[in-house]
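Chain by chain, the residues run as shown.
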Amino acid sequence: MKYDVRRLRLISNSQIADGIFDMRLEMPREGFSVACGQFAHVYVPGKTLRRPISVCDCSNGELRLVYQVKGEGTSLMSQMKPGELTDVLVPLGNGFEIQKGKRYCLIGGGIGVPPMLYTAKKCENPLVITGFRNESLVILQDDLASAGAETVLVTDDGTAGEKGFVTDVLRRKISEVDEVCACGPTPMLRAVAELCKSEGKPCRVSLEERMACGIGACLVCAVKVRKNGEEIMQHVCKNGPVFNAEEVVF
Amino acid sequence: MADLSVKIAGVSFNNPLIAASGTFGFGREYSEFYPLEKLGGISCKGITLKRRDGNPPPRVAETPSGILNAVGLQNPGVDVFINDDLPWLKKQNTVVIANIAGNTVEEYCQMAEKLSETDVDMIELNISCPNVKSGGVQFGTSCESVANITAEVRKHCKKPLIVKLSPNVTDIASIAASAEANGADAISMINTLTGMRIDINSRRPIIHNNTGGLSGAAVFPVAVRMVWQVSNAVKIPIIGMGGISTWEDAAEMMIAGASALQIGTAMFSDPYAPVKISEGLNKFLDDNGIKSVTELTKTVIPW
Chain A
0 MKYDVRRLRL ISNSQIADGI FDMRLEMPRE GFSVACGQFA HVYVPGKTLR
50 RPISVCDCSN GELRLVYQVK GEGTSLMSQM KPGELTDVLV PLGNGFEIQK
100 GKRYCLIGGG IGVPPMLYTA KKCENPLVIT GFRNESLVIL QDDLASAGAE
150 TVLVTDDGTA GEKGFVTDVL RRKISEVDEV CACGPTPMLR AVAELCKSEG
200 KPCRVSLEER MACGIGACLV CAVKVRKNGE EIMQHVCKNG PVFNAEEVVF
Chain B
0 MADLSVKIAG VSFNNPLIAA SGTFGFGREY SEFYPLEKLG GISCKGITLK
50 RRDGNPPPRV AETPSGILNA VGLQNPGVDV FINDDLPWLK KQNTVVIANI
100 AGNTVEEYCQ MAEKLSETDV DMIELNISCP NVKSGGVQFG TSCESVANIT
150 AEVRKHCKKP LIVKLSPNVT DIASIAASAE ANGADAISMI NTLTGMRIDI
200 NSRRPIIHNN TGGLSGAAVF PVAVRMVWQV SNAVKIPIIG MGGISTWEDA
250 AEMMIAGASA LQIGTAMFSD PYAPVKISEG LNKFLDDNGI KSVTELTKTV
300 IPW
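The listed protein sequences correspond, in order, to chains A and B. Under numbering that gives the first Met the number 0, the first residue of the first sequence carries the number 0, and numbering increases by one thereafter. Under numbering that gives the first Met the number 0, the first residue of the second sequence carries the number 0, and numbering increases by one thereafter.
No lab work stands behind these hints: they were computed from the structure. Glycine included, C-beta positions come from ideal geometry on N, C-alpha and C. A portion of the hints provided could be inaccurate.
[As the list claims (entries may be wrong)] Facing chain B, a subset of chain A residues (Cβ under 8 Å, in silico): (1) V4; (2) R209; (3) C212; (4) A221.
Whenever a hint applies, use it, and build me the whole structure from the sequences.
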């Protein structure tokens, strides 16, 4: 059996920025591995659908999920208390494939930043570019630095780090890296993908879509991709969330 | 241990819990949670004559105690199903129901003919999909069209034929009677109720199809009422569905008139839902000294 519903004890669940929460869950230390870029599907008592949250970190017996309160479900999630048993389907999906000997540029925009922490830990000396709307939303800078990453922070309004977009930094530094991995809002991903294409750098993007089953059975989280010249529907939960940027029909 | 087995149109099920079409794909994904033989059967994702890509996303939205969906019958087409998925499904030791949808009556007939030459155990006629532009529910909303399509497909279908009904009608009992009179071996009901949600900031419907089908616990009382009404109008067995989430719901649906059950949306919060419901039903029967689950069917004592 590939999947199992796990009941994980909640260690902590605290706010780390405006509307952003950091949930830590106790994980079995053995017989369990999560790849960077995979996600967890969290059951929220009283809700019909689980909430898909990317894995921010998974080490030292701790699964870390950093999420934004967007609606009722995530609002209820933010009220879960330490000690509670949380029902989580994890790990799901296909993550970023990180190869030895390559230098990666990891790009996160807003709530797309969390999966880049675990990904950074799997890379050697990565360049991590993170972008946020403003200072109040900045997260995970210390964690990324501790993971050994070279970090560049940008905000739309310049209230933290450089003023500008992640693509401004990428354009400047793309020659220093071999591959790019990105997660964030669709316009950002599209811009990153276009830049990588024009510079001839391989690029992978982690996508988001409204999801139900989380395993590829119900087909709701559709994404259009181009394979062998033909446009087909694939699914974020099973085929992704990480896709080859060149194949995604943005 | 009570006897959970049921027989629908001559087909034996180990238990009355069937995975509902559209929530379970062709079974492979959920087989990574538990052996599919724990289920009485699987109603496969709706298939069409040719491959369909379905609707653009978003295709799902959560609603109070339920969800709206508008997948739009994404599927690889009947031939791929027969060649790539059916052989695997047949090894899972559970009843395999092919759910078919078409743009025209002829397409339904062609699919019924193809599937009649395969090992599928039953065919479920989907004349209730609310999320496609042509076909689907348009065949399921009047007695005349239900009578016509059931009679036509019957001529080409050598397998037991289930007709899946839409709740988006004024008189579901007379529609069920039309299906029965024209050769249906069983009724399955209810498909989703048409609904809509709108984002108040963007003023865009949350679902790209604008409207979607409502399912989940929210529709359960509607489903119970309709199953009860139809059970008073037809003699063929009813496969009840619509928001069943617990074994108590399952017992209630059977008491209302269902002989078997389909579980769909409940799977999304708990992939083990049908297995747990089956276990819960068993305990309920044991606790009440009931030997067979069939003894529950249509035992409601109306006022």
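Inset, instruction - Of all the hints given earlier, name the ones this structure violates by number, lowest first. - result: none
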